[in-house]
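From first to last, the protein sequence lines are chains W and C.
Quick note on numbering: the first sequence equals residues 1 to 401 in this note's numbering.
Quick note on numbering: the second sequence equals residues 1001 to 1338 in this note's numbering.
Don't take every hint at face value.
Lysine-lysine pairs mimicking DSS-like chemistry, simulated, CA-CA at most 27 Å apart [unchecked claim]: (1) 254(W) - 1135(C); (2) 1183(C) - 254(W); (3) 1289(C) - 254(W); (4) 1222(C) - 1027(C); (5) 1052(C) - 1027(C); (6) 254(W) - 1206(C); (7) 1222(C) - 338(W); (8) 1078(C) - 1030(C); (9) 1169(C) - 254(W); (10) 1132(C) - 1078(C); (11) 1222(C) - 1052(C); (12) 1030(C) - 1206(C); (13) 1222(C) - 254(W).
None of these hints come from the bench; they were simulated from the model.
Given next are the chains, with one letter for each unit.
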Amino acid sequence: MSIAPRKPPLQFALRLKRALGGRAGWNGLAAQIAFAAILAWIAYEIVANARTNLETQHIASGFGFLNYNAGFDVNQSLIAYNNSDTYWRVFFVGLLNTILVSVIGIVFATVIGFIVALCRLSPNLLLSRIGGIYVEIIRNLPLLFQILFWYLAVLAALPAPRQSISIFNTFFLNNRGLVVPQPVTEPGLYPFIAALAVGIVLALGLRRTARRALFQRGQMIRIWPYVLGCLIGLPLVSMLIFGGPLQFELPQLKGFNFAGGARIIPEFVALTVALSTYTGAFIAEIVRAGVMSVHKGQMEAGSSLGLSRAATLRLIVVPQAMRVIVPPLTSQYLNLTKNSSLAVAIGYPDLVSVFAGTAVSQTGQAIEIIAMTMGVYLLLSLTTSALMSVYGWRINRSMAA
Amino acid sequence: MKRVSLAVILAAAAALSVQAASAQTLKTVKDRGQLSCGVSQGLPGFSAPDDKGNWTGIDVDVCRAIAAVVLDDPTKVKFVPLSAKDRFTALQSGEIDVLSRNTTWTVSRDTSLGANFTGVTYYDGQGFMVKKSLKVNSALELNSASVCVQTGTTTEQNLADFFKGNNMKYEVIAFGSIDEAVKAYESGRCDVFTDDASGLYASRLKLANPADHIVLPEIISKEPLGPMVRHGDDQWFDIVKWTLFAMINAEELGITQKNVDTMLKSDKPEMKRVLGTDGNLGEQLGLTKDWVVKIVKAVGNYGETFERNVGTGSPLGIARGVNNLWNKGGIQYAPPIR
Chain W
1 MSIAPRKPPL QFALRLKRAL GGRAGWNGLA AQIAFAAILA WIAYEIVANA
51 RTNLETQHIA SGFGFLNYNA GFDVNQSLIA YNNSDTYWRV FFVGLLNTIL
101 VSVIGIVFAT VIGFIVALCR LSPNLLLSRI GGIYVEIIRN LPLLFQILFW
151 YLAVLAALPA PRQSISIFNT FFLNNRGLVV PQPVTEPGLY PFIAALAVGI
201 VLALGLRRTA RRALFQRGQM IRIWPYVLGC LIGLPLVSML IFGGPLQFEL
251 PQLKGFNFAG GARIIPEFVA LTVALSTYTG AFIAEIVRAG VMSVHKGQME
301 AGSSLGLSRA ATLRLIVVPQ AMRVIVPPLT SQYLNLTKNS SLAVAIGYPD
351 LVSVFAGTAV SQTGQAIEII AMTMGVYLLL SLTTSALMSV YGWRINRSMA
401 A
Chain C
1001 MKRVSLAVIL AAAAALSVQA ASAQTLKTVK DRGQLSCGVS QGLPGFSAPD
1051 DKGNWTGIDV DVCRAIAAVV LDDPTKVKFV PLSAKDRFTA LQSGEIDVLS
1101 RNTTWTVSRD TSLGANFTGV TYYDGQGFMV KKSLKVNSAL ELNSASVCVQ
1151 TGTTTEQNLA DFFKGNNMKY EVIAFGSIDE AVKAYESGRC DVFTDDASGL
1201 YASRLKLANP ADHIVLPEII SKEPLGPMVR HGDDQWFDIV KWTLFAMINA
1251 EELGITQKNV DTMLKSDKPE MKRVLGTDGN LGEQLGLTKD WVVKIVKAVG
1301 NYGETFERNV GTGSPLGIAR GVNNLWNKGG IQYAPPIR
């Protein structure tokens, strides 16, 4: 691989100079220190100036408000919350709602994106036209408009709670959302989870063995019956011995709404649908570009080996396309997360709505709250970016191997 | 993202502008030749543009009265429509000179926001609106209801207190703007829409069939609505405060838009003091002697403004009730001009 002559290893001082000052050496280092000092001074001035101005205007400042009672309710919360909890709790309630809609949105957007891209690439004229029309319509309409459309469209189509659409008297669909039986934990839950975990570990081990056998000795081992046994059999055994892990509480109509049972609110559904269809259109184009970047000869090579079109795509084309796909895909994921802040328009209680909205107007501490909110979005974006970088790095490594 | 970025810009401006803290609002307004007044994004009767694009309403008339005394021209007002959650930041940052936007006077807003309330333009209280078809007659029958509300107001906390205090369950759906909340209520997402009672009547006008909805009798909170100015400028605080007091005093003395010119010839000492034909009370405020005349000519007295915008002569048709003068069975009471 490497034909170029090896460079002699750098001396310690030289190496340090290189690391700190780049190509410009010690001069570069001085410039960097000066630059950092100016940045620090500007940051200090901004904070000090803001603080003095807030004090002279008698505007409350600081983060003490986070420990006060919020005094308002939120209609969807992944952690226990009521109106006598603190603003800290409100912050986490909003954050988790944002993460929930982003993660589910990303999963659906990716699935939609890949399906639409494969439609567009399909030799079937009808499929490719449908894919093209989808992309052109969805990506050319403003997202806020689409969110409102889905919300009002979803609401308009659904009946009032008393006329709910009942599915086996277990699921109820109405304009307050989808009411589903609520799982209640039973003593059998922990053995069940343990059995499932053991099953997963065993299945992964089997897969490893099978792959090693395939790559090193060219031996095909049929493992799926054993994998199924581990994943389904073990938990079943645990259920027989310790009893079921969950029981389901059925919803019942009481007064205006259903009591008991859990509920998926229409705001969540509308926001997830809008975000994932919208981002899906962009992902479709990225995937299409990625697949088309793989040379046609790869496809022909696949068919000359006797692989089907689907198998060629799955085993040969897509893995190579992923190298091109992953970086722009990451920025679509980031866009989706940031776009979820449009939730306030349809009353979905995300971070911007409950924390940078209600909490700001109740405490008046806009600077602190907006800074925290921006920090959170930055952190979410950097985390997504980092995870995708690791994924991209693994793909590149496996390609090189 | 638009809302956030606006809040960010305003917050940054509040933090960084040195000018905002100075006590020069009167001079700034005169130099600019225009009053910058924060109003709602459209609440009929309080502040809303009419079909020709002119802003009208009680809150708007307060702005026009201030422009009349300060700039001698009630039309020299720039109206800045603000959402409930952006309003205080806009005032803090100096983007507006006065906030006249159906804002409830509370202790926390009077202290921690760096702003002061100058008086009460309208005594309001929070109520509930429901569809008649639900056959609900009292707010105490609303157990397990879904409630639509606008975010960024005192309404959310009152709502939580009311339902908790009466041991009732409910679900709240909070929207960024009042129009979206009303639309969701109309589409059946909520059983109940809650807002200040005046706001409920105003929103009901926007519904397809206003007659199908009723406002429940319970008023669950005190919502005294009034204008706000920044801390640290006592002269400006006095001007805004006494503009409203002058409107109320004018009604009490029977000075109206029509008869103000004849009243100028009055011999009554109190009338002469108020209208500036005797003494220099206006100049003490940093204004002119005939400041009350300017206000009444521009927008009329308090009663005239009320009737024109929200009273029985307007589409809202709200009775004077507690907003009547103190000597006519209400609680509107202004300190004397002397």
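**Report entry** List of violated hint numbers, smallest to largest
**Finding:** The structure breaks hints 3, 4, 5, 6, 7, 10, 11, 12, 13; every other hint is satisfied.
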